[in-house]
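Student: Taken in sequence, the protein lines are chains A and B. Just so we're aligned: 43 in our numbering is position 43 of the first sequence, and the numbers increase by one with no gaps anywhere. Just so we're aligned: 4 in our numbering is position 4 of the second sequence, and the numbers increase by one with no gaps anywhere.
Any given hint could turn out to be false.
[To be verified] Restricting the straight-line Cα-Cα distance to at most 25 angstroms, the calculated cross-link-like pairs of lysine-lysine (DSS-like) are:
#1 B:LYS175 with A:LYS30
#2 A:LYS95 with B:LYS87
#3 B:LYS76 with B:LYS106
#4 B:LYS76 with B:LYS64
#5 B:LYS87 with B:LYS76
#6 B:LYS634 with A:LYS95
#7 B:LYS87 with B:LYS517
#8 B:LYS625 with B:LYS428
#9 B:LYS428 with B:LYS175
Calculated from the structure, these hints are not laboratory results. Source: prediction; values computed, not measured.
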Amino acid sequence: MRHWCVLALLAALVLASCGSGSESEPRAAKPVGEELVGSVAQMAKCSDWNAGTRAQRLATIHDIRQQVNLKDSAVHTPELSDHAAYQVLHNMCGKDFAGSFRLYKLYARAASFAAFADN
Amino acid sequence: MSRLMVFVALIVGLALPAAAYAHLERPSYWPDPAPDTAVTPPAGGKVPALRSLESAVTGHGPGKVRVVCQGNGGSKSLSLLSASIDKARKHGYRLRPSQPKLRLTKWAAFRLLWQNVLLARRCAYSEIQPAVSASGNNDRVVVMPGVYTEPTSRAQPLNDPRCAGMTQEDSGGAKTPSYKYQVTCPNDQNLIHVQGRAVPDTPPPSPPLKNRQGIPDLGPCVRCNLQLEGTGVEPTDVIIDGASDYESNDPEARPHTFHKHVIVRADRADGFVAHNFTVRGALEHGLYIEETDGYRVDTVKMFWNADYGNLTFTSDHGLYTDCDGMGAGDAVLYPGGAPETGEQADKSFYPDAPRFNTTVRDCDMRGSVLAYSGSMGNAVRITHNNIYGNTAGISTDTISAAGHPGFPADSVQIDNNYIYSNNLELFKANAPVPPAVGILPVGVGIFWAGHNNGNVWGNWIWDNWRNAAFLLSIPNFLVTPEGNVNPGVSCEDPGLSTSCGNRFFWNHLGRVPKGFKAFPELYAFGNHVGATRGAAPNGVDFWWDEGGTGPTVGNCWFGNLGPDGTEASVTGPGVGDGNDVLPRTCIGSKSNGDPVKVQYLLSCFLAREGELPPEQCDWYTLPPKPGSLSAARKQRAFAKGAREFLETARAKQLEDRIGQLTGIPVPRP
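Excised from the complex, chain B in its bound form (with noise of 0.2 angstroms):
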């Protein structure tokens, strides 16, 4: 089959339906990153600063101060501080469990406590919402010490009739609820709803515009750089909570119940602050920040949000710092349909670019499916964090064409991490936290399902029972995305645009960092956890199907030291068709895919479930720990497996259909 039949079939596959993506959301556009000048100081163009506890005591500074307390005069709210100071003067306290503890001074003790009892004298609200309703430009709402379930928020109806004309809806049928659906009804889904502008008498474009540059609905803001935020030591000091029958009082424990989709969603909320409180129990997600310039997630914990502790979508200048977060049945974070600020930007937008739209750092993620995840999550910087126990760490993909505007994702940054001991067997019947999303390998730290031009150096990376990093390619033959496809892509072939460009280097595989202490949370859940000091390998370091289906480019692993400190010892890309290699340089590295590999991924995908690998989907048992017996067999029964299945006609059938799609015979080593 020639390329250009590949192309004509290119071109016949526009007219066939459908897609698939991360979550339901109404068409979405990246804010325009300029700042609105509109409202003093300007919202949006720059991560907002945090403004101090003092100045809401004081009232320096712009905007109006709204307290929510719990008891008679903030009785009940300065009983818990009071309760919570005492046990930080003891004991000290942690904001992240891998970080040591802090101390809290007498001096520091006085002073929160002073300033509570002067905010207490003001407070006038007993529930969040009112509050921020009654908010605007520039204010603060500050919350005093309390599990505030938002009664009069829950009693709202899902699905709520009088906004049922709200809709987005296409010629399809499919509907979404729109930005006047979350104005008109705000705890239809969500336990607080922060409306960032308003709704303009323009209705939204139907059919959505292919450029996603600049929201082209967009009101005036009315509720821009809101800070919203806890008064206690700690996060766990303010609880914003969703759900109900918990196991015990700790503020990590599992509830049974769930009442909202959202707890917190701020929406066209350029200038957006979170800080010093945590977001519990929601049946979706816990912070939810959408179409949004200019946003800070500030010391906030997520626990228990049945999808994502933060999702944050089509978002730009945002900051998560000194965040931590466990329980998501999907990930803790998850930056999607970051703006295009990275290689395939459009400079006339974003004249500063390249850059990174977001930075997620100093955060501990734990516990979950995934720590963090972005389908579409352009130019999001990754630093800094702790990322263990989960049943996978990282997870940036392209695998939502549709829905996720920023095709194909690239540009992600993830430097400087530890990435460890992620391997939390939750697919498992009974799981201490119910798995939302499947087809996700057990015990990798990194698994990238087609990204391009990323980097990945001075992270260490240990203990991850199956790989260090997953590098795949997402076969985007007939795709169509959402919105424009901005020139740039690292990849050569129009046709394999996924997976290229990525480099891994500098980064210290299957070695416990010095000074590095174990600390409870690791175990949670009955996390496998190896070695804590000296080596502790990874299972193969550096997974990679070898472009899979045809060629990519650009894909380099160097400078990386294994266990032993030398590069040597570092393992990839793992057992495939014999012709296996992880190229050192990156000008130059050109794959020519793995048909062993494709089966493999086609078997997890595609949930074929073979008697031998590689057609057999593996990845639901955690793999036998590194340097074990059992590993090495199981490596051995992999590499027998794999010429077995090059000999069989199935193989045949494969590397025919691959032809047939790429135009590209397939090789045989």
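With the rest of the complex left out, here is chain A (with noise of 0.2 angstroms):
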């Protein structure tokens, strides 16, 4: 009975690392799409993202908004939380015409309405 609980236990374990994604996670997962200059922030499209796991995903959106942020310019515009850029990414992805949608484009236009974005 021991033996099956500590199955059950790394099951679980694994289980979380793969897909329950913690805000953390990004840092160790690689973002989706082609790399520019370091970053996917100007090429990763929609069939990127539906390719990642949710940790590739998430790191995406880091890529993202760590490129349109540039804290030195002392630019500061309303961003979408990772669980509102989630979402608008994810409903957009989804639908079956998206895949060549660049995902900062997406981005930037939910953005501009980021005020209503966590209501």
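Relying on the hints, combine the two individually framed chains into one complex.
Tutor: Below, the structure is given as structure tokens:
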């Protein structure tokens, strides 16, 4: 019985690491999409998103956010939270015509209404 | 919540990170608009003149001429030219599909052939990049007919390790290729790179300057006043090609494999002229002009570029004329981050302001997701163009507050254009043109997301099945945009500074102009086309969000004529909270916002898909043909949905949120 419990615990840990997606996971995962000068933000598409794991998708959101958040230039515009960005990209990329959509363009348009995103 | 608290929230908001934009580029600056007299003739300060092919042959005028050709002694190019001349002589030719055929006279044909024969004798290059690299100020690169794939450029690696240390990096770790990167690895991303100025010893300022007026790390001209031109009968005789696996040999055939991100990049290339060629098949952009003062894109075609046919960024004194583009996954033309030469001009830097910094005229923009786009595309004039067969026509926006200096977008003028039948359904599986941009309504002539002080007049806008024009505000709470925001914004409320002072007048709506003749390209990719003579109504002519979240001022619609030739047949502003009015007078025009329309926009911008309107986004499906029973049914369903929505707790929650953000309670009609 104890043996099965250990196995179940291990299985639960593996499953958790595959799917649930904590906010710290993206640090370890690679973002999806073609890389240009160290970033996928410019080229990542919905087809890349759809092929990625949750952790890779969150890493992609972080890459896009980092690219658009030019901290040195004192630029500050409302950002989408991980949750809100994930929802927007998930909903958009789930459409059967969205494979070629650039993710950053979706993020940009949604972020213009970020003040309402988490309501 | 008081206005004071809103401003406290605004200040707190400044600590928030973030942003959004339409393309990635190094921190960019507007060039000094004065001519650079260090070269003769001076570079910039005005749109450069087009030098004739005859002068390339005779050697009149400044600069050296370098000839690029194909075949031994240009034999292949001459053969291709001969075939093109024969075809033009027999059948005529069109520079743009919407225009009548042109004839090539016997004398003009002979002269063109003879000029090419003489040029072929001087041909020393089989690829364009080496000829450009060998050129200096005032020089010309003359390209004889052929398809130029630039194998040497194509073979250069992407993300070249040689240039890995030449990125500009912010404290958050975001990297972009610097000017030095582009100069040192010119064909990393670009098939052809035109380096206009030397790389100075001084590195670009880090952090970037708030004041974007003047390029801080500008070197002397090394390739200013360069003219790159084809020598064929028409632009498709010289194709600069970044792709392969074409569906046929037709110049407009779709490619399936792309090799380079940009076809031609002209960087700080003041006085640059592009003439009589085609850029085709980029992973991103066909012709890319960056930080340039004085440029002319004249009789150039742009086909099948996955993002933009032509992207111009932070550039001044520009002219696009007689151009034609299709197959763009975003827009055919995109003059983004255009200088603040409109209502927010700093007269100490732009003493001749207000003026247009860019003019787009006599172009066909078609068969793409958008005809025209431009985040922070300030003070551009769009005139006498044919805009048809796209998912949507013109879009200028204030969406991208970061990465694009010039917030908010203002002072664009759209006049005397034909904007029609933009009903191309690309939001479907296996679309004939893969869309790179979503969150955009199909069936719209003009989509203005947060523009100020715009003038839309004298246009014929017909047969756009959703709207002739769609004006919405971008709720720019908590925004600290790229670069300084100059005084002079049309809006009165600093928390809501977009979508004010726009005037729509003297337009003809829902009626085909006399003498218009349909042509095959109008129907390309299965575009939906209504009537091609007489009345051809738009869906709702002028859709307006009525300020959306709050008060916007100075927007007005007057003197427009509808399908029956009267003002009474003009429709707008679309169904909202029931208090839906399109102001006719500009002075005193002030909106109160509309929660129904805000909800409708949120359902699309935030991809929240409810079951019924206005919580259901219908942008990805072409509306029913205007005037049909289905169209009337859809409109009634929206009105019913709007009434029901206003009774829900969700509507109350939205109104409370708007009230929190604006400090103004949402009035109930």
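Student: The structure should be examined with respect to each hint, and the outcome stated for every one.
Tutor: Evaluation of the provided hints:
no. : hint                   : verdict
1   : B:LYS175 with A:LYS30  : holds (17 angstroms)
2   : A:LYS95 with B:LYS87   : violated (45 angstroms)
3   : B:LYS76 with B:LYS106  : holds (22 angstroms)
4   : B:LYS76 with B:LYS64   : holds (24 angstroms)
5   : B:LYS87 with B:LYS76   : holds (17 angstroms)
6   : B:LYS634 with A:LYS95  : holds (23 angstroms)
7   : B:LYS87 with B:LYS517  : holds (23 angstroms)
8   : B:LYS625 with B:LYS428 : holds (18 angstroms)
9   : B:LYS428 with B:LYS175 : violated (34 angstroms)
When each numbered hint is compared with the structure, violations occur for hints 2 and 9.
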